[in-house]
Amino acid sequence: KQEVTQIPAALSVPEGENLVLNCSFTDSAIYNLQWFRQDPGKGLTSLLLIQSSQREQTSGRLNASLDKSSGRSTLYIAASQPGDSATYLCAGRFSGSARQLTFGSGTQLTVLP
Amino acid sequence: KAGVTQTPRYLIKTRGQQVTLSCSPISGHRSVSWYQQTPGQGLQFLFEYFSETQRNKGNFPGRFSGRQFSNSRSEMNVSTLELGDSALYLCASSLEVGQPQHFGDGTRLSIL
Chain A
781 KQEVTQIPAA LSVPEGENLV LNCSFTDSAI YNLQWFRQDP GKGLTSLLLI
831 QSSQREQTSG RLNASLDKSS GRSTLYIAAS QPGDSATYLC AGRFSGSARQ
881 LTFGSGTQLT VLP
Chain B
810 KAGVTQTPRY LIKTRGQQVT LSCSPISGHR SVSWYQQTPG QGLQFLFEYF
860 SETQRNKGNF PGRFSGRQFS NSRSEMNVST LELGDSALYL CASSLEVGQP
910 QHFGDGTRLS IL
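Chains A and B supply the protein sequences, listed in that same order. Going by the numbering used here, the first sequence opens with residue 781, and the numbers climb by one from there. Going by the numbering used here, the second sequence opens with residue 810, and the numbers climb by one from there.
Among the hints, a few may not be true.
[What the hints assert, rightly or not] The following label-pair restraints were derived from C-beta to C-beta distances:
| no. | chain 1 | residue 1 | chain 2 | residue 2 | range |
| --- | --- | --- | --- | --- | --- |
| 1 | B | 921 | A | 822 | 21 to 31 Å |
| 2 | A | 856 | B | 836 | 17 to 27 Å |
| 3 | B | 921 | A | 892 | 15 to 25 Å |
| 4 | A | 836 | B | 867 | 25 to 35 Å |
| 5 | A | 822 | B | 831 | 13 to 23 Å |
| 6 | B | 822 | A | 852 | 18 to 28 Å |
| 7 | B | 876 | A | 811 | 38 to 48 Å |
[As the list claims (entries may be wrong)] Heads up, incomplete: computed chain B residues facing chain A, CB under 10 Å, no partners named:
| no. | residue |
| --- | --- |
| 8 | 811 |
| 9 | 837 |
| 10 | 842 |
[What the hints assert, rightly or not] Straight-line C-alpha distance at most 30 Å; calculated BS3-like pairs for lysine-lysine:
| no. | chain 1 | residue 1 | chain 2 | residue 2 |
| --- | --- | --- | --- | --- |
| 11 | A | 822 | A | 781 |
| 12 | B | 866 | B | 822 |
| 13 | A | 822 | B | 866 |
| 14 | B | 822 | A | 822 |
| 15 | A | 848 | B | 822 |
| 16 | A | 781 | B | 822 |
| 17 | A | 848 | A | 781 |
Quick caveat, the hints were computed from the structure, so don't treat them as lab data. Ideal placement from N, C-alpha and C gives every residue a C-beta, glycine not left out.
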């Protein structure tokens, strides 16, 4: 059974700091990995998707990496802002699971002004 | 371009009742997936539909069912509601199965 883990569950940083969110998965047969953001009471906003053949993806201040051999993905946020405060979830699609998304439990990020 | 639309946004039911939730995908998207989000279990996959056919199903009891119409709109139904069914139900659409998913804002279901 595929498992996706995110540690820590919560993180607080001062505005302007660069930070890294972690995501680990147990099955190296990953098809792709997607990072989402969820604001309170809202649905999920897709941030970045990395295919298994890729090592990283970038969008603005966000950079996501994927290391299949170690079962890890990271989301790097540069120059954090209070508006970045949200819960960040990673989700993997694995080759043996008919491509359904398996989610981590999320990291709640607070950027302090 | 309109996003994924879920109706209603909030719903209150009592135990034993049934409920139907609706999801309109982004125009042109043919795959619709449903998820349940609770504080204790996080986000769990319910089922995925593509071209009116259920393609994948998560580990939920038969009380949870769904369908997809020819215009790709989807509904999910939960019968004989239990207190543990209280959750945020999220719908996501994508062009094809396995493609990036775009989520709606969900339906908050509360069971009294």
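Going through the hints against the structure:
One distance hint, 21 to 31 Å for the beta-carbon pair residue 921 (chain B) and residue 822 (chain A), holds here, with the actual separation near 24 Å. Taking 17 to 27 Å as the suggested C-beta distance range, the pair residue 856 (chain A) and residue 836 (chain B) does not conform, at roughly 33 Å. The given range of 15 to 25 Å is broken by residue 921 (chain B) and residue 892 (chain A), whose C-beta atoms sit roughly 38 Å from each other. Remark: the range hint 25 to 35 Å for residue 836 (chain A) to residue 867 (chain B) is upheld by a beta-carbon distance near 30 Å.
In this structure the supplied range 13 to 23 Å holds for residue 822 (chain A) paired with residue 831 (chain B), their Cβ-Cβ distance being about 18 Å. In this structure, residue 822 (chain B) and residue 852 (chain A) break the distance hint of 18 to 28 Å, their C-beta atoms being roughly 41 Å apart. A C-beta distance of roughly 26 Å is found between residue 876 (chain B) and residue 811 (chain A), which places it outside the suggested range of 38 to 48 Å. At its closest, the beta carbon of residue 811 (chain B) sits 14 Å from a beta carbon of chain A; the interface hint therefore is violated under the 10 Å criterion.
Restraint check, residue 837 (chain B) versus chain A: the minimum CB separation of about 16 Å is more than 10 Å; hint violated. Using the Cβ-Cβ criterion of 10 Å, the hint placing residue 842 (chain B) at the interface with chain A is satisfied: the shortest such distance is roughly 7 Å. For the suggested pair residue 822 (chain A) and residue 781 (chain A), the alpha carbons sit about 29 Å apart, so the restraint of at most 30 Å is met. Between residue 866 (chain B) and residue 822 (chain B), the direct Cα distance comes to roughly 25 Å. Compliance with the 30 Å bound is thereby established for this hinted pair.
Between residue 822 (chain A) and residue 866 (chain B), the direct Cα distance comes to roughly 24 Å. Compliance with the 30 Å bound is thereby established for this hinted pair. Between the alpha carbons of residue 822 (chain B) and residue 822 (chain A) the distance comes to roughly 21 Å, so the proposed pair stays at or under 30 Å and holds. Straight-line distance between C-alpha atoms of residue 848 (chain A) and residue 822 (chain B) comes to about 44 Å, which puts the hinted pair past the 30 Å bound. Our distance criterion of 30 Å between C-alpha atoms is broken by residue 781 (chain A) and residue 822 (chain B), whose separation comes to about 34 Å.
The hinted pair formed by residue 848 (chain A) and residue 781 (chain A) meets the criterion: a straight-line CA distance of about 16 Å does not exceed 30 Å.
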